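Respectively, the protein sequence lines represent chains A and B.
Numbering follows the UniProt record's numbering, in which position 136 of the first sequence is assigned residue number 136; successive positions increment by one, without gaps.
Numbering follows the UniProt record's numbering, in which position 149 of the second sequence is assigned residue number 149; successive positions increment by one, without gaps.
Treat the hints as calculated values from the structure; they're not laboratory data.
Possibly wrong hints are sitting among the right ones.
To be verified - PhoX-like cross-link-like pairs, simulated, lysine-lysine; straight-line CA separation at most 25 Å:
hint, chain 1, residue 1, chain 2, residue 2
1, B, 201, B, 308
2, B, 246, B, 9
3, B, 246, B, 449
4, B, 230, A, 44
5, B, 464, B, 230
6, A, 44, B, 464
Remember, it's a predicted structure, so these values are computed and weren't measured experimentally.
Okay, here's what each chain looks like letter by letter:
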Amino acid sequence: MSNKVIHVLYNDDDILMDAVKQTRAAHHHIEEIYTPFPVHGLDKAMGLAPTRIAICSFLYGLVGLSIATAMLRYIMIVDWPQDIGGKPSFSFIQNMPAFVPVMFEMTVFFAAHLMVITFYMRSKLWPFKEAENPDVRTTDDHFLMEVSVHGDVDQMVSFFENTGAVEVKVIEKH
Amino acid sequence: MYTFSSRLKTFSFILMIVGVLGIGYSFFTAPKDINDVEAILADQHGHHGDAHAEAADHHEAKDAHVQTADHSEAAHAEASHDAHGHAADAHGADAHNDEHHAHLEHVLHQLQNKPWAAVYVAALFFMLIALGALAFYAIQNAASAGWSPVVFRVMEGISAYLIPGAIIVFVLLVLGVMGTHHLFIWMDDEVVAHDHLIQGKSGYLNGTFFLIRAVIFMGGWILYRQYARKNSLAQDEANDNSYYKKNFKASAAFLVFFIVSESIMSWDWIMSVDPHWFSTLFGWYVFASFVVSAVTVIAMVTLYLKSKGYLEYVNTSHIHDLAKFMFGFSVFWTYLWFSQFMLIWYADIPEEITYFITRINDYNLPFFGMVVMNFVFPVLILINTDFKRLSWIVVMAGIIILCGHYIDFFNMIMPATVGDQWFIGAGEIGAILFFMGLFIFVVFSSIAKAPLLAKRNPLIEESKHFHY
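This is chain A alone, in the form it adopts within the complex (with noise of 0.2 Å):
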């Protein structure tokens, strides 16, 4: 089997949006899309799954709110309970409005590093990462489409001529 696919270029992200949506309705299967910006609403014309992200983060910020407690808990209350300057540190409760500050910035610290780490790692993204960019224009003013190709490839190419495309070609894909 080949494994051959069609970069379909354009340089305008509502003619791009026309397009998802055309190919869409044709049945190709749209491979991935490369975009110089956000283009609102790609995502859902595209028929992509809603993030996740965000369930992700809420987790991670109540990791963080448990650990900012227990360490709390532990070194002020259990493990050595000095008077502080008549701090109450009879139980977690009675010192808790002193704990807060410490609590909260825990928890936003921990959602978002660990959010934007989860981000990398789900996104492939790191330093020395080869860029996987098909075709150097994406990233200034060109939007790219990549199609896989099933049936009469020809037909597919004039297929996606006629949707507004500047350029179509047929790449062979490794």
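Use these hints to put chain B onto chain A, whose structure you have.
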């Protein structure tokens, strides 16, 4: 065009009638003199009551002293203690009897304040909801918000309650200055004569100046409300945007006036029930409390009208935005509540900390319960994007938030006026029902007076197609 449904009108009248009955009952059952108080206290304390009754007959002064101290507030207990020291003297019994008498006097004042405080809290709460809706409306205008013009008429309708609401609050303030009720202790010349702290503040806290400030603030708010409403209706029929521009300028000017007057208003009408106590961020705290209630009411009225099919262009994105404001302002309120509490708790300066000691000792459940209702619940429910688009979730969260912020105002007023004699009974619930009925009647009458879509607002098209 909305027509005020006769069922809702009947409902609002029923609320008002039931409310008046509740308020009337609480005034009727308030104790008239010390003997009534003695009976009530005997009733409250069950078997302790016997010893208590004997105290009145000058018997077993020492025993009764313990009883008295039991249900005295901290300061009073100290005073009793002094009296106990004198008990060894020949005049011990007399001295103690005076103390007991003073205690009964004190409880009598608290119980007589109770129905007034119930009415005052509810009147203030509903008036501030209307004021919050007006401030939110002014912000939307001054910020040229593109999403909200489809709900402008709802906000204008809610702000209509400001006029009757402000008049009622003003009447209550005038009655206070006249000495009909004793919610504001600094209005009592007898008290001020013996209180150096209040004397030092009397340049600011005196009846005349107090009422002048109230007139200026309420007058300013009502003036902007009427002017903005008039321009908003005139813009519907206009050929250019001149009325819109007038409203833009008026809103910006109003917001400047509002933030100054709101801050002073909160010192005058709320903080001054505790004239010995002060807090710098109090104005912001009060603002956060009523603006979140106002946004909640806007969302709930919008959902009601939408469910009746009157708001064609309101979609789930508008509801989503309102729910986001509910969420955001809830967190903002909590931030200010905690900042005020934690700063005072941490430093623990006696003159400030008494404010929270009375609340934590006598109002433990309402004081911490409202944090759960106003923070924990909305944060957990409204953090979800999908939930913010569901009507029933927004309404349910809204009811909790409104109840929570009523308790917030209850916590601000009651400890200084009724102390540990508080109870959410006929008077309090009656007052809420009465003002809720009046609020519903005024708001929906006002909404019925104009089309629900601001036709020629320059941002109305954007708002109609608003999608998030």
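Run the distance test for residue 246(B) versus residue 9(B): straight-line Cα separation, threshold 25 Å. 34 Å, violated
Hint consistency between residue 230(B) and residue 44(A) [alpha-carbon to alpha-carbon, up to 25 Å]: At roughly 43 Å apart (the allowed maximum being 25 Å), residue 44(A) and residue 230(B) break the hint.
Hey, residue 201(B) versus residue 308(B), does the alpha-carbon distance stay inside 25 Å? 53 Å, violated
Holds or violated: residue 464(B) with residue 230(B), Cα cutoff 25 Å? Given pair residue 464(B), residue 230(B) holds - Cα atoms ~22 Å apart, limit 25 Å.
Compare the distance between the alpha carbons of residue 44(A) and residue 464(B) with 25 Å, and conclude whether the hinted pair is satisfied. The hint holds at about 22 Å.
Assess, step by step, whether the Cα of residue 246(B) is no farther than 25 Å from the Cα of residue 449(B), and give holds or violated. 22 Å, holds
Checked against the numbered hints listed earlier, the structure breaks hints 1, 2, 4; every other hint is satisfied.
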